[in-house]
Amino acid sequence: MSASFQIIDADTMFGVHPTHRLDMSIERLISEMDKHKIAAGLSLSTIGVFHGYIRGNAITLEVAKANNRLVPIATIDPKGYFGAASDLQVIKAQGFRIFKFYPDEQEWEIASASFGEVLKQLAPLKVPIMLDAARPGEPSDVGRMVSNYPAPVVLCSVSLEVLSEALAVMADLPNVMVETHELHVPGALEMITGRVGADRIIFGSGAPRCSIASSLHYVLNSELSDEDKQRVLGGNIRRILEAV
Amino acid sequence: MAIDIRVNFCQFDALGRQFGADGVLKSMQKYNIETAVLLSSVAVNCDFALGNKELFEVVKSDDRLFGYLIVNPNYPEESIRMMRSAMNSRKFPAAAFFQGATRPYPNVDDYREILNAYRRYTKPVYVETTHAEAVDAAVQMAREFPTIKFILGSMGGGDWKRAMNYNKQLNIFLETSGSFDVEKIETAAASLGAHRVLFGSNLPYADPASILALIQSSSVSQDAMSKILGENAKRLFGLDRPATVEGEET
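Line order of the protein sequences matches chains A and B.
In this text, residue positions in the first sequence follow the numbering used here: the first is 1, and each later residue adds one.
In this text, residue positions in the second sequence follow the numbering used here: the first is 1001, and each later residue adds one.
If you are wondering where the hints come from, they were derived from the structure by calculation, not from laboratory data.
Treat the hints with care, as some may be off.
What the hints assert, rightly or not - Calculated cross-link-like contacts (lysine-lysine; reagent style BS3-like; alpha-carbon spacing at most 27 Å):
id, chain 1, residue 1, chain 2, residue 2
1, B, K1026, B, K1234
2, B, K1030, A, K35
3, A, K37, B, K1030
4, A, K120, A, K79
Sequences are here, hints too, so could you generate the full structure?
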């Protein structure tokens, strides 16, 4: 069913998860991608999320260099970030084309001045960003923080609980998009497409912790046209990355 | 063919579109689901008497549909009265517990009176368990009422591993909706046995496509998958028994 689509999974992670005992090794991730015919995955090390972004980014980069199907995601914890714009320029120059933020896991507020500072420093680089906006209020906070951000912003972990909020933000801000791994509501993809267009939806699975099969079949079984499915499953994220 | 044991019956779906029985049946057709066991969202969220009554009207006229009788521990006498009239009907193969009275999730203290009255029906109870504390509380009920079979609805949500701690509690069963963790189905089948895991989707809040893909992409055997997707529900709910002239009123 998925063979005819060129699929890019925008939400994967590898390494040891501190609170979920599970094989999240890079070998497992690649094997899951193979099983579901995923051509490429955006990924990062758990070290960068749960321990420290400097070390984590280095691991991510190294792993991505050894696996050409992995697109490295850089991350920064604003709570522990005291750098300057030039530091972010260095990270980008190392080969990162997208940054991702984890306010829930790292326990910081999206509306915080420290995250605002990171965004201010990232803006001149025009790199796309992804960030988790899973809790009520978070998509709205993102909307306020990125209203002048000059590159795509992908809201991740959006479930039914915050879908209407995310949609309201997307309606206001054309650079805001949504990632799918927490979306399992029948008809949600069709509704988002009807409101803001299929080019604003990015397929992600949360693999290897979450099931690629579940996320993928949710998209494949939707009523979107094949053209729109292709946009969601890979075309949109490809376009974003190629523009960097 | 599959049996979906967790379908929410509501007039509108999660996106505010018309749903109702037509929406349920349309989804069943799309995913080749033979039978669905419905619960009334009105009954869960607000008026259990109204919701149960509406649901009975829906399920009584369609061979593919069955319902849970929602009982409310804040109204034990009314709940027990309703059980008397509904639980003899094969269209209500189980009762369902969703909220507590003193705690926000079902627990033995709040449901003891209802459970004492329920024992005579020899039917299972579906208990909503969306987190670890709710799993613990459901298992406590199962320990105090060992002759009743308890289905842990949503399998503990993101805390689904908590249920694995209780694999020796033989009167608990697991319903698959709640989370999409990749190893959930294999782990549950290995820990409790595939005969104690039942497919549920949480339609229309979740698309059956997602949970069906999780089950069908798991590494459980074909035999185990058949059990999870339908055989267990058929046996547990007695859905393979022929319709009789039992009391069909609520």
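Now the hints, each set against the structure:
1. B/K1026 to B/K1234: This hinted pair holds, its Cα atoms lying about 21 Å apart.
2. B/K1030 to A/K35: holds, 25 Å
3. A/K37 to B/K1030: Holds, because 24 Å separates the two Cα atoms, which is no more than 27 Å.
4. A/K120 to A/K79: holds, 15 Å
Every hint from the earlier list agrees with this structure, and none is contradicted.
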